[in-house]
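Asks: Here's the letter readout for the chains.
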Amino acid sequence: MKKAFELGFYVTFGAGIAFGISSFTILSELFKVANILWVVVSISLAGLICMLISTSIAELASMYPSSPGVRTYLKVALPARTSLFLVYLYLMFMIMVAGIESYLFALVVRHLFPGIHPLVLVLSLLVATVIVNLLGLELPRGVQMFTTAALILSVLCLGIAGAASHLGSLHGNAGAVTTRPLSQIGDSVGAAVYLFIGFEWVTMMGFTAKAYERKIPVSMPLAIVTNIIAYCVFSLALVSIVPVKEITKTAIPQIPYFVHMFGPRGSIVGLVLSILAIISCFNAGIMGGSRLVYALAREGSLPKSWAKMSLETGAPIGGVLVLGVLASIASVIIVQYELEEIAAVTGSAIVCCVYAAFMWAVLRLRKTQPNARRTFRSPLPVWLHWVLIVILPLAGALALFGIKGRTIEVLSTLAGLVVVSAITVLWSTRYRDRSNKVAMRVQQGA
Amino acid sequence: MATTDVTPVSTSALLGSLHDFERTFNENQRVKKLTKGWNRYMKAESTDTSEIFTVTIRDLAIIGVESGCSVPEDDEDLITLQASEEALVRIFTGKYNPAHALIDGALAVFCSERDKVKLEAIAMVIWGL
Chain A
2 MKKAFELGFY
12 VTFGAGIAFG
22 ISSFTILSEL
32 FKVANILWVV
42 VSISLAGLIC
52 MLISTSIAEL
62 ASMYPSSPGV
72 RTYLKVALPA
82 RTSLFLVYLY
92 LMFMIMVAGI
102 ESYLFALVVR
112 HLFPGIHPLV
122 LVLSLLVATV
132 IVNLLGLELP
142 RGVQMFTTAA
152 LILSVLCLGI
162 AGAASHLGSL
172 HGNAGAVTTR
182 PLSQIGDSVG
192 AAVYLFIGFE
202 WVTMMGFTAK
212 AYERKIPVSM
222 PLAIVTNIIA
232 YCVFSLALVS
242 IVPVKEITKT
252 AIPQIPYFVH
262 MFGPRGSIVG
272 LVLSILAIIS
282 CFNAGIMGGS
292 RLVYALAREG
302 SLPKSWAKMS
312 LETGAPIGGV
322 LVLGVLASIA
332 SVIIVQYELE
342 EIAAVTGSAI
352 VCCVYAAFMW
362 AVLRLRKTQP
372 NARRTFRSPL
382 PVWLHWVLIV
392 ILPLAGALAL
402 FGIKGRTIEV
412 LSTLAGLVVV
422 SAITVLWSTR
432 YRDRSNKVAM
442 RVQQGA
Chain B
4 MATTDVTPVS
14 TSALLGSLHD
24 FERTFNENQR
34 VKKLTKGWNR
44 YMKAESTDTS
54 EIFTVTIRDL
64 AIIGVESGCS
74 VPEDDEDLIT
84 LQASEEALVR
94 IFTGKYNPAH
104 ALIDGALAVF
114 CSERDKVKLE
124 AIAMVIWGL
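So the protein sequences, as listed, match chains A and B. Residue numbers for the first sequence follow this note's numbering, beginning at 2 and rising by one. Residue numbers for the second sequence follow this note's numbering, beginning at 4 and rising by one.
Isolated chain B (complex conformation):
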């Protein structure tokens, strides 16, 4: 006999915020200017829930948000962001300035200085932070 499972599906808050970020990023024309020729994998790693998601930025747009990260750690195109889930959600929804988060010690970013600047510029352009 078939049963209907009515257990609510739990959606990761982080994944939800990354999908929101994807929409905002792809709809913003100024971001496209900023990311010309800038193809990157952005790994968002939650230090308290151990979730990892990878955002792929290619040809002026975010083309996917996947669970886990198949990009090698030493890949030059990999940007790793580490923080608690709450901090990451607030950052990707524009409620927490990533530069402030870095100084507060709430966020760790591993990438070249130019990529850090690019991320900050994206946050400035999208949310005016």
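The shape of chain A in the complex, shown without the other chains:
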């Protein structure tokens, strides 16, 4: 029973952290560039790619179990500045996701309470989440599992219930152009990778060293398959009930779906599901992001004060506050300029590159540390690693061109993030050098 619970925890964690309110936004995006057939194909293909990537991440995790994942995997394999650059990009992606999720949650709440300003909702959510994390309050594992299972099962059941009697009308509402299938896949796979981002965070959750031999490696593909099924079923359901024009003009297509199903009370259903998504994805993201900030501060790449930790609760106070402030700034910008789509596709592109870096790290470590302990080895042949290392950044780059009419904004956003990351790397390097010099002087003085 305990073993089943452990595996169940890993699977629900991996599935839940990837299933946020923004997942519905991405589904809406996919329908802008592809019809239902190619949306389902793109979701499945993106999921398959992530499953392949997960085997490499599992190998890295087996070499460095319990480590702060993204930081350690890149640090041990890549040159110092390159790894730090990618980590900062990843951190900025997490901050953007916090902004996106909080904005989308505000949109859902405003369906029921349109009088409340979105900024009030966004900042309230962020403040509440920051307070919960500062107090070190964590959901018991069983509750986490329950909320994620409830979310995914609800999406599946409501999807099946809604679609069952309407699948016949699917053909007339198939979606975007049915010609040029390859370009439809090309535009949508990179964006669809977003639907699964976060599955790799389970590598930090291993209960014991043995978990990294089989349970953690198996849990990631299981989590991804769970989400593939949920997203595909819901996409089919969405397009069989809601006109495509309505799907693509909203960032929260789940609301019109539930309203079509249940009438005005459908908004309440949407709100309940959004709350479940917030618990499984948003809160976990703030927790994970604050721990990444903590790790970077402890190693001297970020200011020491950001590593402040509560000795009573174990909460990384510095990391939570920093992440909370940055996420609030991101939220304000996203609300002000309605940048949720742009932030999502930019985030997808960033993570595609980070995943490619993980795959490259595996090959590099096999050369530089061939005798290092690996309790799990990726079964992917080397050539497939290289194919994915090439394809992933390409898919990410193609996703950048997926929002018609906003390509310049997307590219500018990415360029801005790249510049900020690069400047932060330079600053971190100088900060670390300065701190080391001070420490040496103190030691010599002593």
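Honestly, I wouldn't trust all of these hints.
As the list claims (entries may be wrong) - BS3-like, lysine-lysine: derived pairs with alpha carbons at most 30 Å apart: (1) B:Lys98 / B:Lys35; (2) A:Lys216 / A:Lys4; (3) B:Lys119 / A:Lys438; (4) A:Lys305 / B:Lys119; (5) B:Lys39 / A:Lys309; (6) A:Lys246 / A:Lys405; (7) B:Lys98 / A:Lys305; (8) A:Lys305 / B:Lys35; (9) B:Lys98 / A:Lys438; (10) A:Lys309 / B:Lys119; (11) B:Lys119 / B:Lys98; (12) A:Lys4 / B:Lys119; (13) A:Lys211 / A:Lys368; (14) A:Lys309 / B:Lys35; (15) A:Lys309 / B:Lys36; (16) A:Lys250 / A:Lys33; (17) B:Lys39 / B:Lys98; (18) A:Lys305 / B:Lys39; (19) B:Lys36 / B:Lys119.
Hints in this document: simulated from the structure, not taken from any laboratory. In this text, all values refer to a predicted model and were calculated from it rather than measured experimentally.
Chain B: place on chain A using the hints.
Replies: Then chain B, alone, in the frame of chain A:
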């Protein structure tokens, strides 16, 4: 006829460092404040020499360092630290910050987040890391 065996006794470097850690831990008053109500078994597992030692922390002090580990793996009071012998020795003698070791991938720690924080706090208090 009795013989006198003069073969030098080899002492595990890890065991030596754990005994040093025990002395430092038990002599530090600030650590006692930190570990009030915190009874744990700390398993130090060397990945290259396959040595395993268990440090028992009970009632504000380390009360023993034993070879092997009789505590079940899923015991909530068990903290497992895995690293090479050299890394473990450096950690338990204050020469390697355990937080850095974790980020560097040189150390794996299996326990609750609160226990990880407690370990880091102990390292900070004892060695100022």
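Asks: It remains to establish, for every hint, whether it holds in the given structure.
Replies: Hints versus structure:
| no. | hint | verdict |
| --- | --- | --- |
| 1 | B:Lys98 / B:Lys35 | holds, 22 Å |
| 2 | A:Lys216 / A:Lys4 | holds, 9 Å |
| 3 | B:Lys119 / A:Lys438 | holds, 29 Å |
| 4 | A:Lys305 / B:Lys119 | holds, 18 Å |
| 5 | B:Lys39 / A:Lys309 | holds, 21 Å |
| 6 | A:Lys246 / A:Lys405 | holds, 15 Å |
| 7 | B:Lys98 / A:Lys305 | holds, 19 Å |
| 8 | A:Lys305 / B:Lys35 | holds, 25 Å |
| 9 | B:Lys98 / A:Lys438 | holds, 18 Å |
| 10 | A:Lys309 / B:Lys119 | holds, 14 Å |
| 11 | B:Lys119 / B:Lys98 | holds, 18 Å |
| 12 | A:Lys4 / B:Lys119 | holds, 23 Å |
| 13 | A:Lys211 / A:Lys368 | holds, 25 Å |
| 14 | A:Lys309 / B:Lys35 | holds, 21 Å |
| 15 | A:Lys309 / B:Lys36 | holds, 19 Å |
| 16 | A:Lys250 / A:Lys33 | holds, 9 Å |
| 17 | B:Lys39 / B:Lys98 | holds, 26 Å |
| 18 | A:Lys305 / B:Lys39 | holds, 27 Å |
| 19 | B:Lys36 / B:Lys119 | holds, 17 Å |
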